[in-house]
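Protein chains in written order, with the working numbering: chain A, 5 to 342; chain B, 5 to 342; chain C, 5 to 342.
To be clear, the hints were calculated from the coordinates, so they are not data collected in a lab. Please note that the accuracy of each hint is not assured.
[Said to hold, decoys possible] If you want the ones that stay clear, here's a sample from chain B, every Cβ over 10 Å from chain A, calculated:
hint : residue
1    : 40
2    : 45
3    : 51
4    : 77
5    : 102
6    : 122
7    : 209
8    : 285
9    : 315
[Said to hold, decoys possible] No more than 25 Å apart at the CA atoms, straight line, and that leaves these computed lysine-lysine pairs for BS3-like:
hint : chain 1 : residue 1 : chain 2 : residue 2
10   : A       : 342       : B       : 335
11   : C       : 62        : B       : 342
12   : A       : 322       : B       : 322
13   : A       : 322       : C       : 336
14   : A       : 342       : A       : 321
For every residue, glycine included, the Cβ atom is placed at its ideal position computed from N, Cα and C.
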Amino acid sequence: MTAVTAYTLGELAALLGLPLQGEAGTVITGIATLAKAGPGQLSFFHNNRYFPDLLATKASAVIIHPDSASACPTATLLAANPYAAYARVSRLFGRPNSQATGIHATAIVHPTAIVAASASLGAHVCIGANTVVEEQVIIGPNSVIGDDCFIGKDSWLSANTTLYHGVTLGSRVRIHSAAVLGSDGFGFASDGKRHEKIEQLGGVRVGDDVEIGAATTIDRGALDDTVIEEGVKIDNQVQIAHNVRIGSNSIICGCSAIAGSSVIGKNCIIAGAVGVINHVSICDGVTVTAMSLVNQSITEPGIYSSGTGLDKASNWKKNIVRFRQLDDIWKKLLRLEK
Amino acid sequence: MTAVTAYTLGELAALLGLPLQGEAGTVITGIATLAKAGPGQLSFFHNNRYFPDLLATKASAVIIHPDSASACPTATLLAANPYAAYARVSRLFGRPNSQATGIHATAIVHPTAIVAASASLGAHVCIGANTVVEEQVIIGPNSVIGDDCFIGKDSWLSANTTLYHGVTLGSRVRIHSAAVLGSDGFGFASDGKRHEKIEQLGGVRVGDDVEIGAATTIDRGALDDTVIEEGVKIDNQVQIAHNVRIGSNSIICGCSAIAGSSVIGKNCIIAGAVGVINHVSICDGVTVTAMSLVNQSITEPGIYSSGTGLDKASNWKKNIVRFRQLDDIWKKLLRLEK
Amino acid sequence: MTAVTAYTLGELAALLGLPLQGEAGTVITGIATLAKAGPGQLSFFHNNRYFPDLLATKASAVIIHPDSASACPTATLLAANPYAAYARVSRLFGRPNSQATGIHATAIVHPTAIVAASASLGAHVCIGANTVVEEQVIIGPNSVIGDDCFIGKDSWLSANTTLYHGVTLGSRVRIHSAAVLGSDGFGFASDGKRHEKIEQLGGVRVGDDVEIGAATTIDRGALDDTVIEEGVKIDNQVQIAHNVRIGSNSIICGCSAIAGSSVIGKNCIIAGAVGVINHVSICDGVTVTAMSLVNQSITEPGIYSSGTGLDKASNWKKNIVRFRQLDDIWKKLLRLEK
Numbered sequence: 005m006t007a008v009t010a011y012t013l014g015e016l017a018a019l020l021g022l023p024l025q026g027e028a029g030t031v032i033t034g035i036a037t038l039a040k041a042g043p044g045q046l047s048f049f050h051n052n053r054y055f056p057d058l059l060a061t062k063a064s065a066v067i068i069h070p071d072s073a074s075a076c077p078t079a080t081l082l083a084a085n086p087y088a089a090y091a092r093v094s095r096l097f098g099r100p101n102s103q104a105t106g107i108h109a110t111a112i113v114h115p116t117a118i119v120a121a122s123a124s125l126g127a128h129v130c131i132g133a134n135t136v137v138e139e140q141v142i143i144g145p146n147s148v149i150g151d152d153c154f155i156g157k158d159s160w161l162s163a164n165t166t167l168y169h170g171v172t173l174g175s176r177v178r179i180h181s182a183a184v185l186g187s188d189g190f191g192f193a194s195d196g197k198r199h200e201k202i203e204q205l206g207g208v209r210v211g212d213d214v215e216i217g218a219a220t221t222i223d224r225g226a227l228d229d230t231v232i233e234e235g236v237k238i239d240n241q242v243q244i245a246h247n248v249r250i251g252s253n254s255i256i257c258g259c260s261a262i263a264g265s266s267v268i269g270k271n272c273i274i275a276g277a278v279g280v281i282n283h284v285s286i287c288d289g290v291t292v293t294a295m296s297l298v299n300q301s302i303t304e305p306g307i308y309s310s311g312t313g314l315d316k317a318s319n320w321k322k323n324i325v326r327f328r329q330l331d332d333i334w335k336k337l338l339r340l341e342k
Numbered sequence: 005m006t007a008v009t010a011y012t013l014g015e016l017a018a019l020l021g022l023p024l025q026g027e028a029g030t031v032i033t034g035i036a037t038l039a040k041a042g043p044g045q046l047s048f049f050h051n052n053r054y055f056p057d058l059l060a061t062k063a064s065a066v067i068i069h070p071d072s073a074s075a076c077p078t079a080t081l082l083a084a085n086p087y088a089a090y091a092r093v094s095r096l097f098g099r100p101n102s103q104a105t106g107i108h109a110t111a112i113v114h115p116t117a118i119v120a121a122s123a124s125l126g127a128h129v130c131i132g133a134n135t136v137v138e139e140q141v142i143i144g145p146n147s148v149i150g151d152d153c154f155i156g157k158d159s160w161l162s163a164n165t166t167l168y169h170g171v172t173l174g175s176r177v178r179i180h181s182a183a184v185l186g187s188d189g190f191g192f193a194s195d196g197k198r199h200e201k202i203e204q205l206g207g208v209r210v211g212d213d214v215e216i217g218a219a220t221t222i223d224r225g226a227l228d229d230t231v232i233e234e235g236v237k238i239d240n241q242v243q244i245a246h247n248v249r250i251g252s253n254s255i256i257c258g259c260s261a262i263a264g265s266s267v268i269g270k271n272c273i274i275a276g277a278v279g280v281i282n283h284v285s286i287c288d289g290v291t292v293t294a295m296s297l298v299n300q301s302i303t304e305p306g307i308y309s310s311g312t313g314l315d316k317a318s319n320w321k322k323n324i325v326r327f328r329q330l331d332d333i334w335k336k337l338l339r340l341e342k
Numbered sequence: 005m006t007a008v009t010a011y012t013l014g015e016l017a018a019l020l021g022l023p024l025q026g027e028a029g030t031v032i033t034g035i036a037t038l039a040k041a042g043p044g045q046l047s048f049f050h051n052n053r054y055f056p057d058l059l060a061t062k063a064s065a066v067i068i069h070p071d072s073a074s075a076c077p078t079a080t081l082l083a084a085n086p087y088a089a090y091a092r093v094s095r096l097f098g099r100p101n102s103q104a105t106g107i108h109a110t111a112i113v114h115p116t117a118i119v120a121a122s123a124s125l126g127a128h129v130c131i132g133a134n135t136v137v138e139e140q141v142i143i144g145p146n147s148v149i150g151d152d153c154f155i156g157k158d159s160w161l162s163a164n165t166t167l168y169h170g171v172t173l174g175s176r177v178r179i180h181s182a183a184v185l186g187s188d189g190f191g192f193a194s195d196g197k198r199h200e201k202i203e204q205l206g207g208v209r210v211g212d213d214v215e216i217g218a219a220t221t222i223d224r225g226a227l228d229d230t231v232i233e234e235g236v237k238i239d240n241q242v243q244i245a246h247n248v249r250i251g252s253n254s255i256i257c258g259c260s261a262i263a264g265s266s267v268i269g270k271n272c273i274i275a276g277a278v279g280v281i282n283h284v285s286i287c288d289g290v291t292v293t294a295m296s297l298v299n300q301s302i303t304e305p306g307i308y309s310s311g312t313g314l315d316k317a318s319n320w321k322k323n324i325v326r327f328r329q330l331d332d333i334w335k336k337l338l339r340l341e342k
């Protein structure tokens, strides 16, 4: 039904620039883990935890570090960083986009929008006034792009994505389904009774090579733009509030929430379900572990955490009572010391 | 305006297989709580907390355990498990789907897709190449189904749902709006500077009788499939990362996040806003309480928790200072004991 | 490309009802922060933190409290509450909706639906049977509205929004993209093995002047309605379960989750990523700080918190070990005291 992608080992060695030990004519039709790979499949070894799987693998070839190659029972492609080589080879076996080039008959494109000839707009896509869609861009079915947007070349937006007006994407940006960019920041001026809406007049700017996960939301700025710098990777269901800036190449894992006007540095790793309160700064090179709350600025690179460890609920219930007495415990202890 | 669903008590007794104490001809047009029900409405009693409501109910009939029936001031339907009987009767009063059978004129179906005659595709639905839609399936308006999907019979996808390519659903699967299945797993090979995307070559497999809530996201696997076994119920805004497996009949409540390659056993209950880090296993029969972080594998059935109890912020602020000194407190205490 | 919005300072003073100190003829074309504003831009001063920016501002005019006006190097608009005045002026510079009035040719409107002449339905919008869309309502492209809904006048739903059947919105309700209202509550009757679905027979009722963020989900009630009272503001990615009631003018920040049947009072502030377990009540005037878990009812107004403070992971790892011994620490301490 589906055409099979196939390469010989010799072709893969040439495409990846890796030395081959084995039969160059062997045909490879897919990638699998060491444990699951069979004949015709390529695998990779990058973690000693899988050493027993390496010894027993049925793969036709393995991407492996030269130091470990002697243990491999089959053909090898030698790589200094086997995991990175796997990333590159995975793209050779990636599914080509099946959406036809051009504008689907049911898409609604504003007359002032500019859509490159090599772009592909799926069924029922809507493109607003003055929006620019560059070469090779793919926009999946039922996506809606507002007015005055810019979608850089080779970007790919999956089905049911929404961009409000004034959202700018760099090149090679990947956005997954149900993501929303440019929704109003959550800004109100409250007099204690009513909440007066503050119109959100900024936009959203996304750099080159950014990936944004499914159902992730990025609000537009109140006055300035919300900014996602180049190379940032954002997982699913992440919330990024107005005026936030995420530094280049940082990683934000699933379900994290970054509150308004906070700044995250470059090369940070924000693990899953982390909260960052508003108006804080996190310097470059910070890692925050899963489900921590960043309730103050971080000025020194390193690993940060909050929360308690997991426990049986029966113990936990006793300990949380004592947590509420911790300051008393401290004072009692100081008295005893005297 | 809307047609009213009506049954006599005798009909309900027969349909549910429950003994009736009362007038078989009484007409029932709806279900309500004991406190709110009026004439023509059916209620149920399953929790002693509502005993005063039972005594005062104006319902025309009550589903009740035989042991409590004597306290009921009105007709009764006797059930060993009144709550389960309520579930069954609720379905008799459920709103029938109003979407017409067949393919809406505005739907875009790939010529190689196979859509059963009794299926219903709403307005602007898109169906990809080679996808199979079985009998009685309902797909709500503006939903997008990718290539090579399989949607088992009697499944129901609400409006604005997205399935990427290669997603397989069993029979009687219910998916709510804005849910996304098959988005790319969050996989990159990082050299410390750039993050090379790892193409996500697996799919998503969902068993029979699974329910998936609104805005829930389930990523496709990196090499193998992400798997949701039969009977699993997943609430809204849950994130399930690549290569996760959820065992049969487990329940995942709203806003929980299950990180990559983790395995959850059968008959587990994961309460709301729980985080499960990557590469851990949770055995069968585990309950995790709300907003806990599972940061290690769980090998023994039981109830697990993390976090601190809620407190007034004024106390809490003092105690979190001491939390950061807990190890010092411990050491001080050991010194004092000596 | 885009028309520029412009007012003279004299016009702004009149529209806002604020005394002007400066040249009435100065033209203002936008709003910016004190630090970024240039000639032709208006700014505002509401927080002493920005006093240095005030002294150096290049703005053409500043909205400011009379007590601080003497420090301002440029024209002033005097306001008792400068932040509220900024909210009002922001709306003068807000982007007018560009979607044409009327029903787009590709929208699918059920013959029994009633759509006001001044309403605007975008491309591919679907409107169900018996649904009423009042005057001046805007519904963005690719949104789906079910049967028996009511959308009050001046409401605005962005692209890709979903309303199931039986959802009622007041006037001036603002809903952002990918939000879902009326999805099934998460209700099952479990016999320990299977989970029998409980049909969700209630609806969702939303009061006047409510704002609902992108990708927020609000489930329909099991028997009664889920209710959001007037003036409530809900941020992105919030989950509101069945039968919840949110009191008027409360604020729910991003990524919070309110479990089934819980009641939140009026004028509450629920910060980001907060969890509220099911069947609890929170009285009026409560603030819950970010990422806290409300695991019991709150009967007294005030500020409430849970969690531990952020710490370096190396310290944190030692302290969470001691957290699991807290009850032992307490007992040890009591023994020592004796």
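Right, here's what the structure says about each hint:
{"no.": "1", "hint": "40", "verdict": "holds, 31 Å"}
{"no.": "2", "hint": "45", "verdict": "holds, 38 Å"}
{"no.": "3", "hint": "51", "verdict": "holds, 22 Å"}
{"no.": "4", "hint": "77", "verdict": "holds, 40 Å"}
{"no.": "5", "hint": "102", "verdict": "holds, 21 Å"}
{"no.": "6", "hint": "122", "verdict": "holds, 24 Å"}
{"no.": "7", "hint": "209", "verdict": "holds, 15 Å"}
{"no.": "8", "hint": "285", "verdict": "holds, 13 Å"}
{"no.": "9", "hint": "315", "verdict": "violated, 5 Å"}
{"no.": "10", "hint": "A:342 / B:335", "verdict": "holds, 16 Å"}
{"no.": "11", "hint": "C:62 / B:342", "verdict": "violated, 68 Å"}
{"no.": "12", "hint": "A:322 / B:322", "verdict": "holds, 19 Å"}
{"no.": "13", "hint": "A:322 / C:336", "verdict": "holds, 14 Å"}
{"no.": "14", "hint": "A:342 / A:321", "verdict": "violated, 31 Å"}
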